[in-house]
Structure formats: structure tokens, C-alpha cells
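Peer 1: Read off the chains here:
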Amino acid sequence: MTSFETLRRGLSAALLLSVAAGAQTIQQAETLRRQHRFQDSNNVFQALEKKSPNDPEVKARWGMLFYDTHRQEDEAAKLFSEALELKENYPLALYGLALLAADTYEHKAGDLAKKALEADPKFVPAQELLARLALEDNNNSRATEEAKKALALDPKAVEARAILATIDLLADKKESEWDPKTAEGYETIGHFFTLNRRYEEGIAYLRKAVELDPLLSTARADLGVNLMRLGREKEAYEQLKTCFDNGFLSHAVKNSLMLMDKYKDFETITTPSMVLKLDKKEAELLKPYFESEIQRALTTYEKKYKVKLQQPVQVEVYPNHADFEVRTLGMPGLGALGVTFGYSIAMDSPSGRPPGQFHWASTLWHEMSHVFTLTITGHRVPRWFTEGIAVHEETAVSPEWGDRLGPDEITAIKEKQLLPITELDRGFIHPVRPQQVIVSYFQGGKIVDFITEKWGWDTILAMLKDFGANESTPAVIRKELKIEPEEFDHQFFGWLDTQTKDVVSKFDDWKKSVKLVVDAVGKKDWDTAIKEGVRIRDYYPDYVEDHSVYELLAKAYEEKGDKKAATADLVAYVKRGGRNPDSIQKAAKLLAEAGNKTEAAAVLERLNVIYPLVNPAHRELGSLLLDQGKAAGAIREFHAVVANKPLDPAQAHYDLARAYHLNKEDEKAKDELLAALETAPGFRQAQKLLLELSDEPANPAPVKK
Amino acid sequence: MRLAALLLLAASANATTFYVTISGLGGEPDYDQRFKMWAEDIDGSLKKAGGDSKVFTMQAPTRDKVQAQFAEIAKQAKPDDALVVMLIGHGSYDNVEYKFNIPGPDMSGAEIASMLDHVPATRQLIVVTTSSGGGAIAALRRPNRVVITATKTGSEKNATVFARFWAEALRDPAADTDKNEAVSALEAFHYAQRKTTEFFDSSKRLATEHSVLEDTGKGEGEKDPKPETGAGRLAAAFPVVRLGANAAAARDPNKKALLDQKEQIENQIDKLKYEKAAMNAADYKKQLTALLLQLAKVQEALEK
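Protein sequence lines, in the order shown, are assigned to chains A and B. Position one of the first sequence corresponds to residue 8 (our numbering), numbered consecutively onward. Position one of the second sequence corresponds to residue 976 (our numbering), numbered consecutively onward.
The shape of chain B in the complex, shown without the other chains:
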């Protein structure tokens, strides 16, 4: 989506992204090891990506430690910044409240939401990869916040695998489906969701988790978010990790004319794609080819 790409570029100018990855209690060595490994995987991808980011990764912290970390981020963050929180581990839901299992008292969905609310960063993403994560949506959703959960509701209580594939999305170039050298929250969500589905399909097991995304501030979580249907617009414009230096050109004033031209062509392509269903196939192909060739030439000029 063009809108997504523009927001993505705009957001990348001077802002800092704060990343907080928390792995919770496994309850048994196998899960402890798994949660730690996934958190480390994410930590590695974020640090490798570099850029204007601050990466905090916490292994089985207590509630006090988590709160202290968020208090510190709240002090540093500015409204232009972004906050990405990723929870890995087990969760629970008692039909009223979601809880993230950590040493000592667990953290409720409301407590997590409160910590996020105190961080001034306007754009926020929280990824609850735990079991029962769907039970936290109501507490976490806000305008300008993307909420992703590994389960549709709190009643999906089995241990999840979503985190494994979410971590993979942050380092696999295949997750960058629009090839803009950044993986957006929507792209990472689709990647992890698809891989999770394949995991259950190929192992001939009944799927016990169904991930959803909420970014309207008022929804229940959408299984198939698409910007054109209203869900996923914010997530599409939220870069989780950058895979290249796509923002460099945006900062060069000498290339403004070319950038404008690029934007115009991109808008024309979007418009043409929108009209595709009503068009003759040969006309569509001809016009698309012409626009894509123009765009390719502009891109080439931008890179000179």
C-alpha cells in the first residue's frame, strides 16, 4: 500500500524505536529453553538491523523489573518514537482477565496496558505470543496501537508456536513481501500466521492457536487483516525491522523531484490495480508494464 510506504518513510526520519522483548516462565526446562531461545533470536535480529533503536531483552523478569524498565523507557521516549513490546511464554485467562506468567506475581493485561500508556511514543505495537493472548486484546487496544496475539481468544490455552515464527519473520527477507527493505507489523503477522498454520497442517495436528491483529483501537482482533477492509492499515505502516537502507534517499533534498515522481507513479499503479477487475486484461497488462518501466527508471535515477 502506498499509504503504508509513505508513513513508513516518514516515521523513519528521526524517530527512535524502543524494543522490549520479555520471555516468561516456561514451567519446565523444555519451555524455559524454548522461550529463551526465541527471545534471543529476536534480540539478535533487532541488534543486527541497527538503526535508531534501543533494544531491551528480559529473560524471566519479575513484575518489578518489568515496571522499572518501562518507567525508564517512558522517561526517554518522545511522541515521534515508536514502542515495540513482544511477550513470549505462557499466558492464562480466567474469563475476566489475561495474565502473563512471569516469576513472582503474574502481570495482568490491564497492568501491561497501563505501562504502555505511560510511554509517550505515539506509535505502539504489542505482540502477545503466549497462550490465551486473545484474552488481552480488550485491555490492550488503543488508537495508534497495533495489538497482535497468537490466539484468537483467551480460551485457546495450549502452549503456542507463534513466537517461533514471529522471530523468524524478523530475520527472513521473505517476510518483506513488498520488497521495501523493511518488515512491517502486518507483513510479520502474515508471515508468522502462515508458518503457524503450516506447522499444524504438516504435522497433522488440530490447530490450537489462531492469531489475530487489532489496530483500530476498538476491534476484537482480525484473523485476516487487510488495509483495504480497514483492519491492518496501521500495522502495514509500522516497520518492525529494517532490512536495508531504504530511508536514505528520503533524506536527500536533491532527489525530491524524483521522489515526487516516484510517488506519482506508485499512486498510478495503485489506482490501476484497483481498476483491474473492470479492465480488459491486455489493456491492464500494457498500462501496468508502462508504469512499472517508468518506476524502474525513476528508481534507477534515484540510486545514481
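If we strip away everything but chain A, and leave its shape as in the complex, we get:
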């Protein structure tokens, strides 16, 4: 039995007796709840349900107890649904479901709140929720309108006041006439500051909430989670532990505490400019690659953004995607690969995703650009702009790195689903379709490409400065681009259309035909595969995902014995940003076989920023670099093999010894030879190199018995 089932069903006779003296009423349960006597309140609800099993109010209010006091979403949802079965459109139950949807940024939250208001036009919490949802979309005017409607119904409505106060405070007003002066109100303000990535201010408001009501566990949990996000683990742990000790057992609290217990499994590498946290199991392997890319990104961005960071950037790399999700809890956009909280970045490790599905270096550069845009704007940059810049940076660092034009984006362009620039934030926070988040990232990236191309990079920097001064998107567009937002949309859509019209117009044909190519390859009908593949490959050259035409053609050419053509298609695949480790290795192998070792090495270098966990690829690259006399690169690659628990440790150490020898580091080379020969004393090549480096006479000395 889970803990909440215990809470709901496990009747404590003593506690029940303590509240059962008089007639049990909903008011009594609510009073107990306000007194933080949650178990007593639960017991009263349980007794009430038994007495009146068909009363939707009992079910819905009981559900609210689970939601408000423990964030037990599953149990709450069940009770709200049961209430709705008893009475269709029961406002409190609809509102409860709306709250649950709002917590996960689901679009249906607004619909449910509206439905609750239709059923009861004077239901203030539903009206307040509409204000909250509007503000989450950064739609201040609508949020104000909805909040004032709530205040018209109840001038003391705390949440409505908090929404209006938030609008003032986010606009950097020192004070607000709507200051809610209650713990719940400051919790709401704290929520919005953290949602807008203004974590320090959000934390300050959450602290205020907890000071006013130390038993307001929802606020304390939020405080703990946000402290964890900023890397202040000690205090985060204390706050979350207090929640836990107070019986507040939300998923966020439990998971975060469990995650922090795992931090002992991480190794921390500290330099003046970075704090890198890697799981001990893969730290030795990943450290050189991550350190190098973090430093490169810092150097590039400091120059590009004309700003020097004032503290080290912390990068946490999680091999377990579930741990990463806990680390980023509460953020919209499930399936994220990385998240930035001020100077702190959390991201998936390359080992946290199936090979080829994740370009870790691209994600790192994406997230690190957020550190700069957040710093420059004092965390006031709108989501669409910071994400747009981050997507732009993925391909700015290398044209091969960023995500390609995907089928979802093509569909969105074709069906004119892209959003006006002033509403683009909505696509990130409250998407109306599952694909809208990813399409919004794409659109943001393209908008930044467009502005950079037409107005120049300095305009992007000027816009960041304006956003830092808390200017709105329409105002910034008018000021820096000298056009109205509607005109910007018009120009941007035209520019995008020119860029994509060929692919969009041929997409349906490509989609149909690619199936023919896949079928032909399946049937080993290589001629048909080649004929059809060659015809359609360039209809959609950006497609480098599963069953890419490049890979299918390469397979067909290889089967026909045409290695040259196979190589050409695989190299084209790699240069288009293909990430399948097998295909990348295949391309390198074919190039090396054809004598083109320099390009073979360049192809394999790409795998290091995608999936650096393939030992044969490291070994092959090390050997190629060794052949080319590039000792430093060879050392890096052979070191990776040694660090990645090789199947053949003797060979791995011997290879590294050769690289050290080439680099004239013979003492290190000897150490590696000893490691090789300790595993395999009869390893002839290692013996020969050891003799050479030791400068020993050839004749064997007698052995002591």
C-alpha cells in the first residue's frame, strides 16, 4: 500500500475518536485542514464519504486536501473524477482537475477552468486560475483583466491580488498596491519569478511565504527545489527534509531528496571558470571532452556577447535521464535534454540517451548561451528570445550540430501553425499540440537567424539590453528593428518560406517515396533502391533520422560493390548532421580503406561530440591520428579507451603507450606498458616497446630460482 493510500484508507482509531465526538461536517474537515491537522481532516472526510457516498462536495473537497496539502496528484485526480461522475460539471472538481493540468502546463487547464466558471460564474478560484494561466503566457493585459474579474467577485481574493502584484514586481516596480501580504500570495509571486527564470527573487518571495507560514509545505518544497536548481544543495536538502518531516510527501520532495542522496556518486572537477559534476562511473572518460567544450564555449561567448561571467558555470551531467528530470522538476517541456538555472546547467549525459539520439555538445552550447543571455538581461529575457538564441548558437558553432528541419516543423510551416512573434512564448509554456514546443524552438531559432542576417548580431545584443531593461517584445521590435511586430511576422514568414519552400512542396512526395526505398532495401532490390533514392534524396536533404535516404543508398551501393558511391552518401549524411554512430563509423572505415585517413579521422572526431562511448571508434581515431603524427589527439583518444573499461585492456594501455612515446613522454609510455604487460605479460608488441624504451641489452639475464 502506498503512503497516500495509507493516509486515505488507514483509519487511525485514536485520531478518529478525537474528532468523532460531535457530528462530522465538511466545515469541520476544512477547519482541521486550515489548522494543518491533515490526518484529522482526512479522517473526517473518510467518515463523511462513508456516510454520504454520493456527495460530490465531499469527494471534491477531499481531493483538494490531497492536492493542497500533499500534492498527491493521483489520489486527488481520482477523487475529482469520482465527484464528476456523481455530478457532471461540478465546479470544484473541474477546478481541481484544472489545477492538476496547470501544474503540468497542459493546455486543457484553461478549458477546465472555464467550464468550472460556466457551471458557477461566481467561483473565484477558477477565475483566479485563468489569470494565472494568462500570466504564465506572459499575457499581462489578459492576466490583469482576469484577476480583476476575480476581485470583482471577491475583493479579498488572495491569488488575484498576487497575480496583479506579480505583474508590477516582474516589471521591477519596487512596491505594488496589490501586495497580498499572505504566505499563499508570496508563494504565487515566487512561482512566477522562478518561472521567469528570476530565481534569486523567486527564492526571496518563497522565503517570505515560509516565514509567514512555516507549515505552508507547498511553498517550502518550491523553495527547496529552487535552491537545488541553483546548486545550493545543503539548504535545499534542509528545506526539503523539513517538508518530508512535516509529512508533505509530494513526488518533488521525495525524488529531490533521493537525487541529492545520489550526489555522493558524482565527481566534481573545479577550475576557475567551471564546476563540472560527472558520475564517477564515466567521469574519467567524459572529463576531457566536457572540459574542452565548456572552455571553448566560454571563450567564444564571452567574446561574442561582450560580457565576462562573474562566477564559474556549474555543469551537472546525468547518466540517468530520470535523475535529470528530477533535477529539472517543474519546468515545462518534458523530454528536455538540458536545463539552465542561472549559472547552473543540468543535462543528460551522452550515456543517458540511446546512441545517436543526442548531440551532447550541441546541448551544452545551447544551455551555456542561456547563462549569457540570462546574465546580460538580469534574467528578464523572454523565453522565445533566449531559446531562439540558444537554437541559433547550436548551428553557429557548427552547421552540422543543430537540429535539422524536422517533419513536425515542415508540417507546421505548411499548415501555417507558426505563432506571431508576440505570442511565441505561448508555444513554449502552453502548447496546444504536443509538437508545438519543438516547433516553437525551431521558430525562435529561425527568428534569431533572420534578425542576425538582416540586422546583424549587434542588433541581437541591443535587444538583449532592452529586454534587460524590462521592455516588452513589441517595444523591443519597434525600437531595434524599426518595424511593427505584425510587419516583422510578415517579413519573417516570407524569408522562411523562401528558405523552405522546396522541401515543403516536395515533402509529401518524399514521404511516400522514402517508403519505397525502405521496402526495396528490405527486399534487397538494390537497383530500385538506388534509382528511387537518388531521385528523392535532395527533396529533403536535411532528413538524417532513421531510414535516411543517405544511409539506405549507402547500403544499396555497398551491396552492389560500389564503395565509392557508398562512401559519398555516408559522408554527405555525416556532413548534414547525421548522428547514427554505426553510420559515422562506417563512413570513416570506408574513407580509411580508400586511403583518405585525414577525412576518416575528421569524420570520427564528430562522434566524440555525439556519443563518445564507443571504444572501437576511439581506438580507430587514435590510430589514425597516430599515423598522422598527431600525438596529442592520439593520447586523448587512447586515454578514452583506457577510461571506458576496455574489453582488451592490454591493447588499450599499449596503444596509449605508443601515443605517449610519439609525444616524447617516455616515462608515461613506460607506465602504460607496465599496465599492459601486467595484464598480459606475454604481449610481444608491448614487450618490444618496453625493451626499446628501457634501452636494455638484448640477452636475457639468468633467473633466480
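One or more of the hints may lead you astray.
Stated by the list, open to error - Chain B side only, calculated, beta carbon under 8 Å to chain A, not exhaustive:
(1) E1015
(2) A1149
(3) E1241
(4) I1244
(5) Y1249
(6) T1264
(7) L1268
To be verified - Not the full set, but computed from the structure, chain A residues with beta-carbon under 8 Å of chain B:
(8) N262
(9) L264
(10) P361
(11) P362
(12) N651
(13) P656
(14) A657
(15) E685
(16) G689
Everything labelled a hint here was simulated from the structure, so no lab data went into it. Note that the Cβ used here is the ideal one computed from N, Cα and C, for glycine as well.
Based on these hints, arrange chain B on the given structure of chain A.
Peer 2: Structure of chain B alone, referenced to chain A:
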């Protein structure tokens, strides 16, 4: 292990190794093709390795054909010989008996064991790469026989990938971790096991097979066999495939003194490694370096 290397050399003198690879029924074209491909892969590696071996590869044979083949081997084999049997395909287990799926009646673990028992070759290795293979251990284990199964128990019923990596081990020099130019049963087991684990890890799938090795004649199958803990000693001394001509020197009487010297140094290295934990790191390194240099010189002299 020194013991392993010595046994390996001794075993290589005049003995013949009989290899029998059997691919079973796939049940669907994809599996049929896969099992056939893996069997052919193994067949190719064994034939390429050459040496004193007889290689028999059977694609989806009936029980009669399998029995006939083993009867023939039983006639030819001598006690000094070795027998290597590799089963590829699907297996099943009903909590009592393991069965290997082939056309017609399946073969039970007991029937397979009986066929092996009739072959006079003293050293035997059977590799059951099928699903549920762990259910066959009790029937197959004997003194002087190495049993490797792709699954820990009979209840791991999903189709396996172990065979793919076992086949790879027989042709990949990386499997020869002690660099003696032969891949032992233990080395091939570790290689295939590691690759299987990586396969499930990298594809983010829950592992549905956990390979084990039994070579004591009485165990349940060891997931991590190590000669120093008793499990894997026989497997370490059982060469499955030779990658070079490592036995040549052993046959040359003129090099006996050098071979003796080599053996002494190797024993000293083993002893030193055993004492490593209790030693000062610098002393260990110094002594190890000296011994390895001596060994390298002896090896060089042997090759002249």
C-alpha cells in the same frame, strides 16, 4: 593465469578439437536468418583459424541428424581431444527440462548431455546461446566440461543476443586479453557477456538475459567466473580458437631451457601480482619492470 597458459600449451600438442555448431529453428524468417548468419560467422572463424580441428556446422537439423553426427564424432575422437558444441536458436524450459528447438522433436538437455557423454574427448565445452539455456546447466554439467549459457536460468525466456557476440569473440583479437594468440572459453565468455550487457545498456532496454559459466561440474553457473575464486579455471585453460602459432615454440626441443626460464619468470610475475596489495607501490613497480624486461628478453631469444 600461468596455469591456464601451461594447460593451453599442453593441450595444443597433438590433440584435435571437434567443433559442432548447430543453429535451430527461428520460427520466423528474421530469426531463421539471424541464427543461420551467426552459425556461419562461427564456422568461418573456426575454418580460418585452421590447426588440428574438425568443424561441423548444421543448419536446422533434425534430432536424428544431430545424433548421427555425434555418433560419428564419438567414433573418431580420442581422450586427448577436445569437443566444442555451440547451440544457437530458441530454447524452452518447463521448470523441469530444457529443450533446444529444432525441426521435428526438440532435443532435451538430458539428450544433449548423453550425446556429449559418449564422445571420448576428455575436455568438453558446450555453449548454449539460446533462450532458457540456464535450464540446461543441471543436465549438462560434468567434471572436465565447461558449460556456458546465455541465460542464468530457464525462466529467462526472451530471444537472446549472446550468440551474436560469442561469434564475434571468435574473430576479434580484442577477445584475446592475455595476448597469447588464443581465445580461451573464459575470454570468449567475458567478451560476449560484456558486449551483451553493452547492447542492452546502450539501447536503454531492460536486460532479459544474464549469461553464466559452469566448469566445476557441480555449480549452478557463475555470472562472474574468476579462476582465483575457483570458477573459470577450466574455461581459462580451454582454447576455443587460436589466432596465431603460439604452440610452435613449445614443440622445439632446442628451446626447452628458454621455455623453462620463461615459465619461471611468468611464475614470479604471478607471485608478485598476488603480493601487490601488500607492497609499496614503488617497489612493486620496480620489481615488475625488472621481471617484465627479463621476460621480454627471453621471449625475444625464443623467437630467434
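Peer 1: Hint by hint, say whether it matches the structure.
Peer 2: Evaluated hints:
Below 8 Å, beta-carbon pairs count as interface contacts, and B:E1015 has none with chain A, the closest being about 17 Å; its hint is therefore violated. Annotation: B:A1149 was flagged as interfacial toward chain A, and the flag holds, the nearest CB pair being 4 Å apart, inside 8 Å. The restraint placing B:E1241 at the interface with chain A holds, with a minimum CB-CB distance near 6 Å, inside the 8 Å limit. For B:I1244, the suggested interface contact is upheld, since its CB lies about 5 Å from the closest CB of chain A, less than 8 Å.
At a threshold of 8 Å, the smallest CB-CB gap from B:Y1249 to chain A is about 12 Å, leaving the interface hint violated. Interface restraint check for B:T1264: the shortest CB-CB distance to chain A comes to about 6 Å, inside 8 Å, so the restraint holds. A least Cβ separation of about 5 Å between B:L1268 and chain A falls short of the 8 Å threshold, and the interface hint therefore holds. Of the supplied interface hints, the one on A:N262 is violated, with its beta-carbon coming no nearer than about 20 Å to a beta-carbon of chain B, more than 8 Å.
The beta carbon of A:L264 is not positioned within 8 Å of any beta carbon in chain B (closest approach about 25 Å), and the interface hint is therefore violated. Among the interface hints, the one on A:P361 holds; its C-beta lies about 5 Å from the nearest C-beta in chain B, closer than the 8 Å criterion. The closest approach between the C-beta of A:P362 and any C-beta of chain B is roughly 5 Å, which is under the 8 Å cut-off, so the hint is satisfied. The criterion of a C-beta within 8 Å of any C-beta in chain B is not met by A:N651, whose closest approach is roughly 10 Å, and the hint is violated.
A cut of 8 Å between beta carbons decides the hint on A:P656: the least distance to chain B is about 7 Å, and the hint holds. Taken as an interface hint, A:A657 checks out: its beta carbon lies about 6 Å from the nearest beta carbon of chain B, inside 8 Å. The interface hint given for A:E685 is met, as the beta carbon of that residue sits about 6 Å from the closest beta carbon of chain B, less than 8 Å. At about 6 Å, the closest approach between the beta carbon of A:G689 and any beta carbon in chain B falls short of 8 Å, and the interface hint on this residue holds.
Going down the numbered hints, you'll see the structure goes against 1, 5, 8, 9, 12, while the others check out.
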